[in-house]
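Quick mapping for you: the protein sequence lines, in order, are chains A and B.
Position in the first sequence counted from 1, then plus 315, gives you the working numbering.
Position in the second sequence counted from 1, then plus 8, gives you the working numbering.
No lab work stands behind these hints: they were computed from the structure.
These numbers were taken from a predicted model, which means no experiment stands behind them.
Among the hints, erroneous ones may be present.
Said to hold, decoys possible - A few chain B residues that don't get close to chain A, going by computed Cβ distances all over 12 Å:
#1 Cys124
#2 Gly145
#3 Gly253
To be verified - Residues from chain B shown here face chain A by an in silico Cβ test under 10 Å; the list is partial:
#4 Tyr143
#5 Glu149
#6 Leu151
#7 Leu236
#8 Ile291
#9 Asp368
#10 Asn378
#11 Thr425
#12 Asn473
#13 Ala474
#14 Ile475
#15 Ser477
#16 Arg484
#17 Gly487
Idealized CB from N, CA, C, for every residue including glycine.
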Amino acid sequence: MKCDGIPSGCAISGLMSEEGRRIDGSVIIRSIASMHDRSNGLGGGFAAYGIYPKRKHQYAFHMMFDNIGAKETTEEFFKDVFNVDKDEPIPTHRENGIRNPPILWRYFLEVPENKLEFITERDYVMKIVMQINSEIEGAYIASSGKNMGAFKGVGYPEDIGKFYKLEEYSAYIWTSHGRFPTNTPGWWGGAHPFTLLDWSVVHNGEISSYGINKRYLEMFGYKLELRTDTEVIAYLFDLLVRRHKLPMDMAVKALASPFWKDIDRMEPTQKNIATAIRQVYGSTLMNGPFSIILGHSRGMIGLNDRIKLRPMTAARKGDMLYLASEESAIREIAPDLDTVWSPKAGTAVIGTLNEEVE
Amino acid sequence: MESQLPAEFVVNVDHEKCRKCKRCVINCSFSAIEFKDKVTPNNRQCVACHRCATFCPENAITITENPLDYKDGYNWSPEIRKNILKQAESGGIILTGMGNPKPYPIYWDHMLLDACQVTNPSIDPLREPMELRTYLGAKPECLDFDGDVSLKTELAPQVKIDIPVVFAAMSYGAISLNAHKALAMAATRMGTLMNTGEGGLHEDIAQYSDRIIVQVASGRFGVTSKYLNSSALVEIKIGQGAKPGIGGHLPGEKVGEDISKTRMIPVGTDALSPAPHHDIYSIEDLSQLIYAIKEATDYKKPVSVKIAAVHNVAAIASGIVRAGADIVMIDGFRGGTGAAPMIIRDHVGIPIELALAAVDDRLRQEGIRNRASILVGGSIRQSADVVKAIALGADACVIGTASLIAMGCRVCQKCYTGNCAWGIATQKPELVRRLNPEVAADRLCNLLTAWGHEIQEVLGSLGINAIESLRGSRERLRGVGLNQETLDILGIKHAGIGQ
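Bound-form chain B, shown alone (with noise of 0.2 Å):
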């Protein structure tokens, strides 16, 4: 069937810069332009992944949207013109990759941090001490001496992350070895920690095993007793922001060798992640799972339990917390992906500043909130919103599309085709090899760094000089533009409204 859809967006070669060297053609990895007497777009293909602009040598390309207007129509939107185009031509459920793109209120652009000005000075941190240090595990309601000296009480395992932010799990194969290498370098240097997903541990990550989070989901992909082992913890998969209730598929055309064996699967067959866990049909089935891992590791690793943000958030993670979790993450609807449906992907779940919110107040009502730690994510863009999440109750954030972006993505949203041209969100050999893990992992450590000096900046204002004094303390957050409701579920006052 000939295609009815207008090209997204239109490729301008300026022909008098251009010298012909074709290095825009080799680097296209969408077959958007080729090389007929001379550069020669093919607007149709073009993602706007920017690869062959940053790469031309005179900048004689820009990309712009295909500056093709529609009649106007409010509720018929191009954007859902094209995609009922998209469906009567191929059948099936839209696919995408990458967040939420819908303008859905951010509500981290609605809150104001606080600062000091007189009556309580604030701090310098290039002359005083400012700690971002956090442990995550389950912490016991209070300590027991023995007399005066000797600590009678001891503690679940805890994971040191020596910055409040970790890497998002993302699985070997939906992201390539190279960005998983990146990742774990990266984690190694900067003292956080980084996320397997749900694809297996490569044999070449293993000896970063200790700053290392491996997933157990639906599929069991790669699960051994040395896999749960060669950890700093276990997280169980429940869901993701991105498809809540949604299980994964990895296509068998990117199971190659190196996915067979880590996933443990035969090349070539696609890797399907069923959408429960099979041995999971309710709280009691979680538990079960939960102590079964911390059976394996011989309670020495904190076993974290991953949920998306849905509408009873509050209830669901305070059901896990009881069920022996040490650590809740929850995914805000506007979590990234390798691929899921569109439908799913931009109309479900809530997002992730109200799920914490909910859950941070569940937790304390119930008086449980000591018994696990609160790592959330689900677009966490900037150090800023590292900050609110944490004022709002978060013990640490989890970055995904920003750890992407860092490595060089740009977020076309053209994860799921393979073809990512950055080396990232693909498979293909001669595509990995353009992302040299070494200067990755230095880009995401420089991006960390950057923020751990921006947290420092902010509590240095704010006059405290440890993290644990922002965690929770929505007392120095205020909301801007919300209304009653919002601001009673966040827990914060309107600004203007003093002490």
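Looking at chain A on its own, in the form it has when it is part of the complex (with noise of 0.2 Å):
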């Protein structure tokens, strides 16, 4: 059922509180469904933060299954590597012309202490969503964080949206793709967001640098199964970000780094600085169009390839930070903004919560 895949055009939206106020998904429906023409119906997808405040300290594992047998070879595999607190189907409205869904079912997980005598937690529990992912025939993992959830499947958008009730969550945090693939049937793990532990990511645009993005990945024991180049930003920001500590707005000069000439021209700190970056991550560098919404539970980025070859609007209204491919998605649920703009060329819009914001 995986298939290969070129994302193209593609449609993206996010809006985050930075007060941490719950916002309900209906919102963010109606700002991706503004761009319906960006996306031909083969791919939309939602990421939420902040969805299940009552077990925030478990891990949601949102799953797709292809079939009975891989489910249940997954709740087998689960019981040895979790304790399992709860599962439960994803709550779905089956009569709005999404077919054939796979299998959709969440479970909420603790892992045991025992498990992590010589590994911390996060890579622990990476390291098993990279094995269900690559070993279990006809599983797929939505998303693996805490306190959020990613909800896609092949279909327009909106129309993804009200299949998953998302009127019935609210979150502090929420991204939205609209799909359009040049080449791809639908294949429902295929669609955006791609996430790993709490971080997701919606994507308009290729990695044209895929090839060494993922020889590079697979250094640190990565494992690219989907073969699609929005799978690497996730997995970049996780090994850059968790794994080697970089802050992020020196994260996000590894992988959409300043030219030299820039750099060159740079005062002394900053210059050593950038190069030493562009010296140890140069791998790291996602070259190619692409403006991307990367979520995790601190925040939401907007970043764009350092030439800008694709579009990208950042706009606040109070608390609310809005980033979408365009204004209009962003007017269409905040008539009223404080200020809008065009982020530059490989320069990130970075929105945190407040700290108090648990």
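Each chain sits in its own coordinate frame; assemble them with the hints.
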């Protein structure tokens, strides 16, 4: 069921409340729906943060299964590696034209303490995610973070949103994606967002440096099974920020590096840092056209490629940060804005939740 | 003994056009043209170096292969028969120069590059920055920051090159001082590097030392503390693609006053480079030498180790990286030489394409690819080879023969005779004088400038604007006419297979 795909056109939209106010899913659906023509019905999806406040210390695995056999195999495997606190079907609304969904099930999981003698909890969970995606035929993890979830499938994003009853969830960060793949039959696992642990990525574009980004990640134990470039973005952030502990703005400098001509003109300390980042992290540079919205447990980040070959608009209203492929998608849900701007190439828009938000 | 060997080439002189100016006679350094009332070729001496034909003002000279047919015999080719005749007459090892000319597969010519269409835009290198800058040296696995602003990690020394092509090791002795000067000047102007080879650093090029790789080979010629520190980086030469496992021999007749000083050996003595370093009999000995050099240079210069591509090259390279080398330089079996036994040049080693792929894979599997840069040489003929080598995983390429050709070399393979008519592979003052270092440097700069533009064009068509996004990106290569095993070793898919 896995298939090769080149994501192409695509629409992305994201919103967050820095104060941690929870907003229901109908808002983000309206925003992404306004860019209907940027997708072609072969993929839509959402990531939401803050949706499971009562179970925020557990890993929420959103699973997709091709068949009941894959579900049983996965559940057997879960028994060995996790404490399964709760599992249930992901609620869906079946009468709106979404066809042939896989079995959609979610699990709230805890890591048994005896598993963590030689490995950190997140590395342990990451390994299991890699293992399930690559080794259990017919099972695919849509998301694996805490207090967050991805909802995605084959269809227009607004239909996928209604299918998952997103109006019943409320989140302080929402990101969304409408897909326009050029040469792929629809595959539920291939829709955006792509996720790993708390990271989620929605992506408009194509990473032309995919080949080396992938080989670099493989050196650090990542398994890139989906053969799509969006996957590498989530993993690169995971590697640089979580594992190598780079400050977020340094990670962004690695992924969308300034040009040497600009680095050469920086003042010495900055120049030294930017040079070292390019020397050490050259293989992580994401080259080629992209605009992405990255969601994580503490915020949302918008980033364009270093020559801005794909569109992105940002806006603020009060504590709200909006990012979208088109300004219209922001005006649709927030007609009256404090500021609207077009982020510069390679310059990240970094939104961070206030510290008191739990 | 009267030679039975037929002439290899025939020099044809159009006596209608010839004005008897004798320029050809003066120019021929192989005594293949005499003047006896008219220009009279001595075909047996001709090596097809084209010097006479190039300088004939009337275009009256052409050179053709001797059209002497041999009785058909696939097994006993004319070349094999001629070699037997040579040895029957001389009793010696057949010497030769330049790289392996045999029709072994050239894998570069079986790899094709990708380009952007529709879904991702190509980039116009005339309008957008297109970055070729490369840093050679060991990189840490990750950077460590103190808080959000200051960098804690201190990097090992890095050498910046503005184009990922550096000049190969060719010693003063194998080539002339004028050739060395040209390479040093061109390297400086183009922001790349030249390599002294094992013959020491002549005082005339010491001014370019921050663009010079100084070599430490088994003969240790000219190696002093000053020599090691007058450099961009230091290279330990273990082997050479043209003659893996073989030492070197510069005959005493070439060791004049200047070479004697530079190599620090008496005038007129043979300069013998032993086959192994006599202080390196295993990997731990290599590690000692690497660190001895690092100590001698105060850890300010990257140390490179150059090896020939042999069967077990991946494991050897891994050992070299773990022994502390900052750069591994791999020389493929087609690499050039000033002199080598033909049997070694033509039959020992493996192609650089396969060696590079195997080394890059191995270092990645072991998680140590960041700990050393990979330089490759051994017949990089054109910018397309550079692009493909970088896509396979090289940090930069090394060019020897191509740089000699740019200066005028006709690849006649007679470097070992010392008669180079172009003033490159010779120490005879009257021949060396023929090579104007300024002009030769211009020609080298032009070549690199042209290749730089070509590499930028390819990057643009690939939709990327920095060379590091190509490095190791084998996804952008496809094989044509290669079997599965070769594709697996190269780590590429066959043409026709999509993403």
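Taking the hints in turn, this is what the structure says about them:
1. Cys124: Since the minimum Cβ distance to chain A is about 7 Å, cysteine 124(B) lies within 12 Å and the statement is violated.
2. Gly145: Per Cβ check, glycine 145(B) is inside 12 Å of chain A; nearest 8 Å; violated.
3. Gly253: It holds; glycine 253(B) is separated from chain A by about 32 Å at its closest Cβ, greater than 12 Å.
4. Tyr143: For tyrosine 143(B), the interface hint holds, since the closest Cβ of chain A sits about 5 Å away, which is under 10 Å.
5. Glu149: holds, 8 Å
6. Leu151: holds, 5 Å
7. Leu236: It is violated, given that the least Cβ distance between leucine 236(B) and chain A is near 24 Å, above 10 Å.
8. Ile291: Violated: closest Cβ of chain A sits about 23 Å from isoleucine 291(B), beyond 10 Å.
9. Asp368: holds, 9 Å
10. Asn378: holds, 7 Å
11. Thr425: Result: violated, 45 Å to nearest chain A Cβ.
12. Asn473: Since the shortest Cβ distance to chain A is 6 Å, the answer is holds.
13. Ala474: Check passed: Cβ of alanine 474(B) comes within 6 Å of chain A, closer than 10 Å.
14. Ile475: holds, 8 Å
15. Ser477: holds, 4 Å
16. Arg484: holds, 6 Å
17. Gly487: Interface hint status for glycine 487(B): violated (15 Å vs cutoff 10 Å).
Figure legend: structure checked against the earlier numbered hints; hints not met, in rising order: 1, 2, 7, 8, 11 and 17.
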